[in-house]
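J.: Going line by line, the protein sequences match chains A and B.
Read in order, the letters of the first sequence are residues 1 to 396 in the working numbering.
Read in order, the letters of the second sequence are residues 1001 to 1142 in the working numbering.
These are computed hints drawn from the structure, not numbers from a lab.
Among the clues, some could well be false.
Claimed, not checked - If the Cβ cut is set under 8 Å, some of the chain B residues that face chain A in the computed set are: (1) 1011; (2) 1012; (3) 1014; (4) 1019; (5) 1021; (6) 1027; (7) 1028; (8) 1033; (9) 1039; (10) 1055; (11) 1056; (12) 1060; (13) 1075; (14) 1078; (15) 1082; (16) 1129.
Claimed, not checked - Some but not every residue of chain B turned toward chain A, in silico, with C-beta under 7 Å: (17) 1037; (18) 1057; (19) 1122; (20) 1123; (21) 1124; (22) 1127.
Claimed, not checked - With a straight-line cut-off of 25 Å between C-alpha atoms, the simulated DSS-like cross-links for lysine-lysine are: (23) 1053(B) x 1043(B); (24) 82(A) x 209(A); (25) 1050(B) x 191(A); (26) 209(A) x 235(A); (27) 82(A) x 1050(B); (28) 279(A) x 395(A); (29) 1043(B) x 217(A); (30) 82(A) x 221(A); (31) 387(A) x 1053(B); (32) 1053(B) x 1087(B); (33) 217(A) x 191(A); (34) 235(A) x 279(A); (35) 387(A) x 1087(B); (36) 1050(B) x 1113(B); (37) 191(A) x 235(A).
Please read all numbers here as calculations on a predicted model, not as lab measurements.
Think of the CB as a built atom: it goes at the ideal place given N, C-alpha and C, for glycine as much as any other residue.
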Amino acid sequence: MSGRSVYLDYAATTYVKPEVLQEMLPYFNVNFGNPSSLYSISSVTQRAIDRSRERVAGAINAEREEIYFTGCGSEADNWALKGVAFANRRRGNHIITTKIEHHAILHACEFLESNGFEVTYLPVDQYGFVDPDELERAINERTILVSVMFANNEIGTIEPIREIGAICRNRKILFHTDAVQAVGHVPVDVKDMNIDLLSLAAHKFYGPKGVGALYIKKGIKIDNLIHGGGQERGKRAGTENVAGIVGLGKAIELAVSEMELENLRLSGLRDRLITGLMKIPHSRLNGPKGFSRLPGNVNVCLRFIEGESIILLLDSMGVCASSGSACTSGSLDPSHVLLAIGLPHEIVHGSLRLTMGSGTTDEDVDYVLEVLPGIVDRLREMSPLWKEYLREEIKV
Amino acid sequence: MMYSEKVMDHFMHPRNVGEIPDANGIGEVGNPVCGDIMKIYLKVEENIVKDVKFNTFGCGSAIASSSMATELIKGRTLEDAWTLTNKAVAEALDGLPPIKMHCSVLAEEAVHKAINDYRVSAGLQLWDYKEHDDIHAQVHGN
């Protein structure tokens, strides 16, 4: 193991920033009162939750009463889909989503299909973009909900959310967006973008794991997902994760205040990393370039080798990365996102995702560009596909 | 880390990597769509596996399984080498995660294919070999 440690998996999760942790700490042991209790120490925790709700609302231009805290981003996604579907099933049973959503959306949709709902999974183009016209054509008289992710977690594509929101508004269909990868990283405005429901998770923007939120525009019909006590104004039962909620609020405020400068810095690092990686023979960039790509996201395919092997060798050099390769997912299914942008299986197996964030430096980018070519050579040297290519048995 | 130290050792320092230009038995299994291909080269002399090398496209356990399989059959008689099982490969690696067991199956199959390839070229009768269809279907679908 080399002495260096370079974390390039910020899209998987971030560390908790010290100022966030600092603000959370008193809510573990000093201000520990159950917010639902009547005695005075509980009013402190109740106020802390309210303050956090205000901060979240402020970050996405919503109203305080439109923010509901959840246990994670997946819960927010599940609640949005199942809650809206079941509450509106008299109006229709059709849902539109995309082929590149997170599994929290895709598997919730599969569950709804097994309960009598119909789901259209929209294709995407070679860069991962949804076509708003195609989305509009998929709407029928039974459509009750559209769910399109704000930004893709694997290839960083930022979807045309405002256009999709406008279509949904005109056609009077509810619009949910899974913004887990976007909030705190790119500007999000639920009013301007006509968003009715939005999911977010604290650990993607330097807050703690185990806390998320769902924005639900006022007046929207939605069933509960978690039944029980009267927390979250009767919409989401369960004693509040007070410290987590406080951390989420602090983290989102911090992320939004630093966003503009941090985006400039990260997109510079990103583009330099992409340029360097494209110098490796038979590499390809997945996802778009420029402003419609998340500032910290890089995703490439390296032909003739397999993703897990790349990750393990990178790890031995101190670099934490991830892959859409089947072998790393635990399911043995290669990335549905890379398949959806039209890549063949054999190329998808050689994918590598490097996602940058607050701790990433110029030196980190240099280091990856220094070690990765050697790793690729080493794996190609033992790959029968590479040998076939060299003997011109494989055309590229 | 999901892998044993043995797996990591064989992945980081694979034994017998390469090709044998004058190999007299070659076995290739897997395909790029599934994400793993193993190719085993044998040099058989007087019924003994004199030399064995491999090339593998695949994950950490596929590379480690290939490396271990070559070590287990090198210098053995063909009859001995034929008794290699996927279980033996996995055990020699101090175990593989359940989801990666098919990598050891590929290693077993590649070795058997290479041995039969040698037997064909030497004008000998093929030995009967039953492929692990069940594991393939379980891992890669039908």
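J.: Check each numbered hint from earlier against the structure, then list the numbers of those it violates in ascending order.
T.: Checked against the structure, the hints that fail are numbers 5, 6, 13, 14, 15, 16, 19, 20, 21, 22, 25, 27, 29, 34, 35, while the rest are satisfied.
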